[in-house]
Structures are given as structure tokens and as C-alpha cells.
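Participant: Sequence:
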Amino acid sequence: QPPPVLPREGVVTFYGPDRTLVTGETENAVVITGGVAVEYLDYTNSRSLHLSAESAVVFLDPGSVADLLRAGPGEVRGVYLEGDVVATDGDYTLRGPRLYYDIATNNGLMLDAVFWSYPDRVGMPLYVRAEEIRQHSESQWSAKEARIANTAFFDPQFSIGATSVTLSRDASLDTPGDFAVDARNVTYRIGDL
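Be aware that the sequence shown starts at 2, since it is given in this note's numbering, and climbs by one per residue.
Do not take every clue at face value.
[What the hints assert, rightly or not] Computed Cβ-Cβ distance ranges for the label pairs, DEER-style:
no.	residue 1	residue 2	range
1	T24	Y119	23 to 33 Å
2	R190	A105	32 to 42 Å
3	R190	L42	33 to 43 Å
4	D156	L22	28 to 38 Å
5	M125	V23	16 to 26 Å
6	T188	E26	47 to 57 Å
[Claimed, not checked] Computed cross-link-like contacts, DMTMM-like style, restricted to lysine to aspartate or glutamate with a CA-CA straight-line distance of at most 25 Å:
no.	residue 1	residue 2
7	K145	D103
8	K145	E83
9	K145	D193
These are calculated hints, taken from the structure and not from any lab test.
All C-beta atoms in this analysis are idealised placements derived from N, C-alpha and C, irrespective of residue type, glycine included.
Go ahead and model the full structure; you've got the sequences and the hints to work with.
Facilitator: Following this line, the structure appears as C-alpha cells:
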């Protein structure tokens, strides 16, 4: 089983100037506006995930909420971020207008997204722009209607198009951090062709 997006051990911290707690019988939520940062620290595996956006809604388990700024990953059901969203763990970065991490199903979804990383073996950046990018685990992403390029330009001179692509960090590859790529209906794009 692939490693989860957010393991159950660790601490999730929320930063933002305006916080509102919304309580309910089946779920609580913290609405954060005015610029948001969400930091997940996994002390066991020395791993962190940083999320930033203009606003966020953090969905929590029901019950008493003593602290609007800190929770255990087991208490967080999901995180929705909106407005210039950036998610990074230092090895990869995901950017787009909206992001939802569903902790219960261990999935993240971002629409109109850009994913990038720097695979060591290739020696150049890898950019994936797509209508939809999903994170299935700490080491696997999939994209629909994707363009793959080695430049951050919105319209690169050369790119590879695919109706779907799956990127997996593969520990069995020669260089740790390299990706295995599975792409479907691949086309090459040069300019507008």
C-alpha cells in the first residue's frame, strides 16, 4: 500500500488572521480567511507538507474543539483551500485555484492545476498542467487532459499531451526520487500543432 498523503501521526497547524468555528453534530469546521497557511509535520518520518491559500475550510471530527489552530491528523477529515493555492513537501509542488484533501480516503484533488518536480536523473524540471490532478498517496499523482513539459511557460514551444497520466515515485528505480510515468493517448505538441 502506498504511503498516505497525511499519515495519522503528527500535527496539523493552521495559520490565518480570521478564524471562525462552525460546530455541528456530525462535523465541525474552521473557516480561515485573510491568507492561510496549513503546516503538517510528521515527526516520525521527518516529513512536512505546507499548504497556502487565500482562504480555507478545515473539516474536523465532531465534539469539543479547544484549539482553532492545531489538531492531530486523525481529527482532520479534510481541508479545502481556495485562491492561489500552493502545496509542497519540498520535493514536489502543486499549484492551482482550488484544492481539496480528503484525509479519510487519502486523496487530494486540484482543478486547473500545475504539478512540478525536479527528477535527479533527468537533470531538468518536470511540469504537468492538467484540467484535474489527483494525489493518491505521498508518492503517486494522476492527471487528466495533461500537458507535460520541462518549462513553466503556460504555452511551451514543445510539450507532450496525454488524456491521462500517472506519476509514481518509484523506489525501485536507480535514483531515489525518480518517477515512473504511465501516459495514455500521447501526442507531441510543437507550438500550436
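Participant: Starting from the hint 28 to 38 Å, judge whether the C-beta atoms of D156 and L22 obey it.
Facilitator: At roughly 44 Å between Cβ atoms, L22 and D156 fall outside 28 to 38 Å, so the hint is violated.
Participant: If you draw a straight line from the CA of K145 to the CA of D193, is it 25 Å or shorter?
Facilitator: holds (20 Å)
Participant: Run the distance test for K145 versus E83: straight-line Cα separation, threshold 25 Å.
Facilitator: With a Cα-Cα distance of about 21 Å, the restraint between K145 and E83 holds, given a limit of 25 Å.
Participant: Is 16 to 26 Å right for how far apart the beta carbons of M125 and V23 are?
Facilitator: This hint is violated: roughly 45 Å between Cβ atoms.
Participant: Holds or violated: 33 to 43 Å for the Cβ distance of R190 and L42?
Facilitator: holds (40 Å)
Participant: Given a hint of 47 to 57 Å, does the C-beta separation of T188 and E26 actually sit inside it?
Facilitator: holds (51 Å)
Participant: For the pair we were handed, K145 and D103, check the Cα-Cα distance against 25 Å.
Facilitator: holds (19 Å)
Participant: Do the beta carbons of R190 and A105 sit within 32 to 42 Å of each other?
Facilitator: holds (38 Å)
Participant: Using the beta carbons of T24 and Y119, state whether their distance is inside 23 to 33 Å or not.
Facilitator: Given range 23 to 33 Å: violated, Cβ gap about 43 Å.
Hint check: violations occur at hints 1, 4, 5; the rest are consistent with the structure.
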